[in-house]
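There are 2 protein chains.
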Amino acid sequence: MKNEQILGLQTPCLVLDRTKFIKNIDNMKAHLTSLGVSLRPHVKTAKSLEAARCLFNGNTGPITVSTLREAEYFFEGGFSDILYAVGIVPHKLPRVKSLLKAGARVLLILDSLEMARSVTEYALQNNIVLEILIEIDSDMHRAGLSPDDPLVSEIAVVLNDCPATHFMGFMTHAGESYNCTTPAEIKKHAQIERDAVAFAAKQVEKFGVSSKIISAGSTPTAHFSDDWTGVTEVRAGVFVFQDLFQAGLGVCDVDDIALSVLTTVTGHKKNQNRIIVDAGGLALSKDRGTAAQKFDRLYGLVCSAEDGTLIPDLIVEAANQEHGLITSTSGKINFAEFPIGSRLRILPNHVCMTAAAHSHYYVTDDNQSVTDVWQRCSGW
Amino acid sequence: MKNEQILGLQTPCLVLDRTKFIKNIDNMKAHLTSLGVSLRPHVKTAKSLEAARCLFNGNTGPITVSTLREAEYFFEGGFSDILYAVGIVPHKLPRVKSLLKAGARVLLILDSLEMARSVTEYALQNNIVLEILIEIDSDMHRAGLSPDDPLVSEIAVVLNDCPATHFMGFMTHAGESYNCTTPAEIKKHAQIERDAVAFAAKQVEKFGVSSKIISAGSTPTAHFSDDWTGVTEVRAGVFVFQDLFQAGLGVCDVDDIALSVLTTVTGHKKNQNRIIVDAGGLALSKDRGTAAQKFDRLYGLVCSAEDGTLIPDLIVEAANQEHGLITSTSGKINFAEFPIGSRLRILPNHVCMTAAAHSHYYVTDDNQSVTDVWQRCSGW
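Here the protein sequences come in this chain order: A and B. Each position in the first sequence, counted from 1, maps to that position plus 566 in my numbering. Each position in the second sequence, counted from 1, maps to that position plus 566 in my numbering.
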């Protein structure tokens with residue numbers, strides 16, 4: 567499919583504008599470099615070796631993954647320093663062991679004494695060394711221990727005392743930054759997560775336990791942060807593509823969104839002022855994250871397929887499995903502009919979810935032809 | 567993975583209870599047989615050859631698909647009578663041609679004069695015969711022409727007059743039945759769709775055009791219908807697995823749902839009365855269809871992993887990419903009942919969307935061990 571014209575592709579499919587993608591990466595890297603903190607990108611968004619290499623100027627580097635399938639895929643592709651950012655459970659340890667035996671570094675996270683004991687036992691029995699971070703909950707959004715929970719030190723000591731586990735430090739994810747409405751609030755959340763992990767590190771120091779890795783971040787807090795003192799690495803993922811949700815947060819402009827779903831007009835519902843397209847709930851995802859934002863983007867905004875520019879008055883108002891229903895926010899659609907069989911591009915609400923239904927990216931440098939085809943990994 | 571214990575599977579993954587699955591199929595077939603109408607099941611739900619064969623007692627039969635990828639996959643697996651139920655567009659015709667040349671029957675649908683002219687032209691130029699249904703909009707839900715639109719007859723005549731196209735009849739989808747709140751309303755919608763396609767068929771008869779196929783249906787209308795006079799085949803898909811949305815419509819009981827997502831408890835958030843599991847928005851889907859129903863199931867209901875029975879007071883209240891957050895609707899969770907590392911099963915809101923993120927089904931006959939592993943097709 568390389569060198570094919572974008573307008574000749576089977577739809578629905580993903581089109582990646584490489585210029586915007588690289589600009590998004592460069593902007594984040596420049597920002598974090600200026601703050602003196604390194605980036606451990608979360609590759610759960612693109613799930614693609616080629617995309618991940620662009621984060622390291624064509625090389626590999628430390629990454630964050632959301633599944634062991636990703637860990638295995640990226641390790642096979644040369645990425646050997648991997649943080650698995652979902653709480654480890656006993657039955658997944660044999661897969662971690664296989665990765666370690668093959669030469670990978672896999673940092674694990676946990677937030678309970680039960681799992682701390684479980685990993686020490688497993689590591690001892692299997693003659694391996696497991697590197698562990700404790701997950702800290704900085705904003706009551708998801709998993710992790712509160713930084714002032716006495717369990718934090720108790721777990722750190724258990725891990726530190728075991729010869730088969732290395733206590734490496736702390737990680738947190740500022741998920742609540744997704745619910746913020748102003749850049750100032752997000753900046754505040756960046757400080758909260760920074761302070762939460764720094765506090766936890768100070769607590770365990772009292773027990774003679776030191777932290778090598780202090781990991782924090784999310785795309786919004788990474789973007790709006792101005793001080794990561796005490797944090798050794800920032801994790802962020804969505805920023806590589808950006809999406810309408812991030813645009814709603816002010817993290818990017820709609821025009822910065824690098825990924826879109828190419829779709830074909832399959833019908834005109836003139837009596838309902840609707841265009842029907844072949845990108846539905848599967849191709850676009852059912853994520854309605856923007857519903858809680860100031861501008862609800864429903865199931866996505868619509869762009870010209872020819873050059874990717876926004877068509878300001880069109881919006882995907884509904885999505886069945888393989889049907890998207892586009893309407894106009896400003897009166898009658900001029901149906902002659904969008905003949906049946908013509909193409910459009912849809913900008914995603916939440917690009918991690920949208921990309922997940924697709925097996926590959928059609929990469930373009932000129933918005934006309936396919937320069938590269940990048941595969942994605944999927945599943946667990 | 568065959569013969570493996572369910573409780574030993576890597577999570578998240580799909581567990582299919584074959585007994586419930588077969589019962590769901592038998593019930594629908596018996597109901598439609600009693601009404602004297604045949605079933606052309608929509609295989610977009612399971613997207614699996616083995617699952618589809620269960621609809622035909624181990625054999626093949628007429629099916630409905632939502633993508634050309636499905637058409638190709640099922641044809642390779644022996645299903646040769648296929649209705650592609652998304653409006654055809656010019657650039658997909660070469661794939662249809664390849665299927666026809668290989669011996670498949672592919673029924674296409676359209677709802678515009680432009681596409682009618684386009685398919686006649688393509689069929690003539692390519693020396694093939696295309697079989698076409700006109701899509702009728704019976705409830706202003708999605709695509710199709712209103713049954714009384716003069717275009718219906720105009721298109722039928724164009725298709726009928728062309729030696730390279732066979733006008734086959736009409737199809738409609740009662741999507742609005744998904745918005746009903748009572749069985750009586752759904753039954754009414756079954757009559758509306760039946761009458762819409764029957765009316766369209768009568769209109770074109772005036773022009774000397776006859777209809778061989780009159781196709782209607784959705785799981786809700788198929789279930790609650792009592793008279794399909796004039797309809798030659800009913801399409802329905804979700805019924806094979808059922809889901810919480812269908813249970814909300816009264817189409818099934820929660821206990822009839824045959825498919826669940828097996829997940830592992832990754833953490834306890836005691837200060838928030840939450841269990842964290844490793845099935846998130848990807849494994850469960852972000853479909854929130856039940857939000858508009860009387861009982862909002864949020865991101866799914868929770869069952870015992872051991873025997874699949876419902877745990878009545880647990881619900882998945884939030885879903886990040888790889889994290890599900892379970893809470894209790896009736897006070898404090900007894901965390902000791904759900905230790906970290908233990909398993910649960912989540913019932914899906916909308917099973918078509920949930921199943922789509924997974925590559926295979928673990929089929930069980932006894933809720934203990936895996937009897938079969940069935941692959942799914944995906945993509946476009």
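It should be emphasised that the hints constitute simulated quantities derived from the structure, not laboratory data. A hint or two may mislead.
Which copy? The list can't say, so a pair holds if one copy fits it or any two copies do.
No farther apart than 20 Å at their CA atoms in a straight line, the calculated lysine to aspartate or glutamate pairs in the EDC-like style are these [as the list claims (entries may be wrong)]: (1) K836 / D715; (2) K778 / D727; (3) K836 / D714; (4) K836 / D705; (5) K754 / D705; (6) K753 / E883; (7) K836 / E742; (8) K663 / E642.
### Query
Among the hints numbered above, which are violated by the structure, and what are their numbers in rising order?
The structure breaks only hint 6.
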